[in-house]
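There are 2 protein chains.
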Amino acid sequence: MDTGDLGLPVPVPSTALFTDQYEFTMLQAALRGGTADRRSVFEVFTRRLPEGRRYGVVAGTGRVLDAIENFRFEEKVLRFLRSHGVVDGPTLDWLADYRFRGDVYGYPEGEVYFPGSPIMRVEGTFAECVLLETVILSILNHDSAVAAAASRMAVAAGGRPLVEMGARRTHELAAVAASRAAYLGGFASTSDLAAGFRYGIPTVGTSAHAFTLLHDTERDAFTAQVKSLGSGTTLLVDTYDVAEAVRTAVEVAGPGLGAVRIDSGDLLLVAHRVRQQLDDLGATDTRIVVTSDLDEYAIASLAAAPVDSYGVGTRLVTGSGHPTSSMVYKLVARADGDGPDAPMRSVAKKSTGGKTSIGGAKWAARPRDAAGVAEAERIGTGPVPEELAGVTLQVPLVRGGETVGREPLDAARDRHRRALAGLPMSATQLSRGEPVLPTEYV
Amino acid sequence: MDTGDLGLPVPVPSTALFTDQYEFTMLQAALRGGTADRRSVFEVFTRRLPEGRRYGVVAGTGRVLDAIENFRFEEKVLRFLRSHGVVDGPTLDWLADYRFRGDVYGYPEGEVYFPGSPIMRVEGTFAECVLLETVILSILNHDSAVAAAASRMAVAAGGRPLVEMGARRTHELAAVAASRAAYLGGFASTSDLAAGFRYGIPTVGTSAHAFTLLHDTERDAFTAQVKSLGSGTTLLVDTYDVAEAVRTAVEVAGPGLGAVRIDSGDLLLVAHRVRQQLDDLGATDTRIVVTSDLDEYAIASLAAAPVDSYGVGTRLVTGSGHPTSSMVYKLVARADGDGPDAPMRSVAKKSTGGKTSIGGAKWAARPRDAAGVAEAERIGTGPVPEELAGVTLQVPLVRGGETVGREPLDAARDRHRRALAGLPMSATQLSRGEPVLPTEYV
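As given, the protein sequences belong to chains A and B, one line each in that order.
So for the first sequence, the UniProt record's numbering puts the first residue at 1; every next one is plus one.
So for the second sequence, the UniProt record's numbering puts the first residue at 1; every next one is plus one.
None of these hints come from the bench; they were simulated from the model.
Be aware that a few hints might be false.
Since the list gives no way to pick out one identical chain from another, each pair is judged satisfied if it fits inside one copy or across any two copies.
Derived pair list, reagent style SDA-like, types lysine to any residue, alpha-carbon separation capped at 25 Å [as the list claims (entries may be wrong)]:
1) 350 <-> 123
2) 350 <-> 314
3) 350 <-> 97
4) 76 <-> 367
5) 350 <-> 326
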């Protein structure tokens, strides 16, 4: 067990308290009432995409697997639950031995999803599954929101590389997970060293306005930076006057200057002027990086500008207007009785106020047309129809408590690129619209 | 040093990698260029409040103090920086000995703020201060966003208690900080056990729809819950038919039933009906808890409804539309030369595209009228005018590297209540408007 696998720059021994209290009180009541061991199926899904979005992106699966493995109750956690009267003695004894021994299936990480897609399915006893609700949802809701924004930004950027630089705009550990999700969604690198440390994501960064302001002149600052980081570095040129800074930058670093960064102003206009100036100065290979309050729309609007890469912060880590994914974790089936051979029964809350749930453990499949383009998100219960057997979406992630679905982050990143390429072309329109695939219940 | 003080349910040894790479490359260039030891003043402020908001809430200060104390470079972090070529050997040697030895002043936690308020000021050498940018901003931007939403919700709720239950809608560790910020902003309790464990915030929770669905009948579920948790528990009554559930609930628990929870439907209408039904059944002391997609506006709209408490999730932890606070960390003054006696010089980036900064270390004061109501947020550089000496806002937080501003979370919570009470009455209007105090530069 690698406890470093929690999205943290340092190991954390347990995820067991990333849990809402009601999961423990339900556990206690079920243990006492004799229903705790009923075989149960919980599903993660979302009733809708954020308004106007055409697809969602599954992200966080790898972190969920780590969180389940590390969901254990050490003595100090048990002591807290005891001293605060959260649960009774028999429940504490049960928790002391807890480890998840059930099965988890789900959409592989990086896959796209639509309203109703059974993104993850957790099977086991009621007791062992009910405890995982909050930690699973926290991870998937956060990471998927960031990945969806990242994916749209990567589409908008065409082939130009994107740098994630939003750590300062979100919780310090959410930032690490956000870097991971951004990379999965198509970003090339991050400014966040904790993300580099933890996930091996390439890190970048050179200087801020403070560095220029520290020096008596801009020339002094550029000279110090080039001396330290070489002429391939990126010089920030908008502290005072951009044109003067570009001239100074090329004088100091030579025409081999790596890049200039523009962090304010009318980026379209300024980028054109800076490109012209750089070319006139012979710095034809010097790249232009822009980094000012970008989102997918701003990135798209710069498509015709001579920009070589984008740095994105706030709007990325806050999901570009949708900082969470509205995924829920619902009991959809459970044993109809207490014996080990009791048949399974589909269950669902009665629909009110739009909170629709459909009972039963679900499969999902995405058939394609002759050109290989996805046609629909088909969802059903019971056996998978034969014609869909080759295009089902869920894969085993945990079997009998053993993680079987772990994979490198790059595998999820590659999968996302393929999944997106397999959708109808309108998937990548930035404009508001309906989900690009209809959800069809079979 | 209590490394548990990081908002984590478990200790974390270091916060040194919650840092953007450019802070390290600036450090290296400044060390090599001889400017690293220039005395510097950095300030945290925001150029504007989220659109329509009338005040901001300072939150996260306590977590910042912990993060600064724990900003140290252990061997494995240095190894990472070395192996990834982030910085050179002399810089690594410098980092190995790093601890912050400067001073920090700031608005005390729970205080309100306005555009331009110098929320935090960090003084020391350029080298020691520049490294703290990202971790300070991450914490303040996140926590203040949640606290501001919480404060508005608490205002909307009048005296009725609010429960924070948004863990599932945000990153699992952001959730712990969000609970803390919500409590500071006026929430009474949380569902998040990690927040209870870490910060001693009261925790609550009883059951979800899954518990009802687990049982063969709703009556079985209620019976099991009451048997386990007592008749003072909260029964969830909207899994099937609310009226039938309320009848069953009182039959099972008796008229001493603690509360019923409604999680869907037209809450105003349903709450009235349920109250009438409970009263008719003699359960006149049974409380009504509502918990369905609430925000400050929905809470306000239920003011006349017979609701006893509110549970709030998504909209709270995502800052009710504003998940971050746009605070920045800017160099505003630095030594004009390299000697220890060099005079300080105000510095600022040239304004373009609305990114205004005002140079110089700032004081802030909030004078009051005869009735004790705040009149303005007055900000200046240089000595504090005599008439404002009694109403300045900043307090010492760190002196010579030693934390001096630590306080219990309840102190910040009380301060917030007092700060809000001292603002003009229009501060608590939910409708969009201008900041309730004008920012005046003296």
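Now the hints, each set against the structure:
1. 350 <-> 123: within (22 Å within a copy, 59 Å between copies)
2. 350 <-> 314: Classified as between: cross-chain Cα gap 22 Å, same-chain 39 Å, threshold 25 Å.
3. 350 <-> 97: Answer is neither; intra-copy 35 Å and inter-copy 62 Å both fail.
4. 76 <-> 367: Neither: 50 Å inside a chain and 48 Å across chains, both beyond 25 Å.
5. 350 <-> 326: within (19 Å within a copy, 42 Å between copies)
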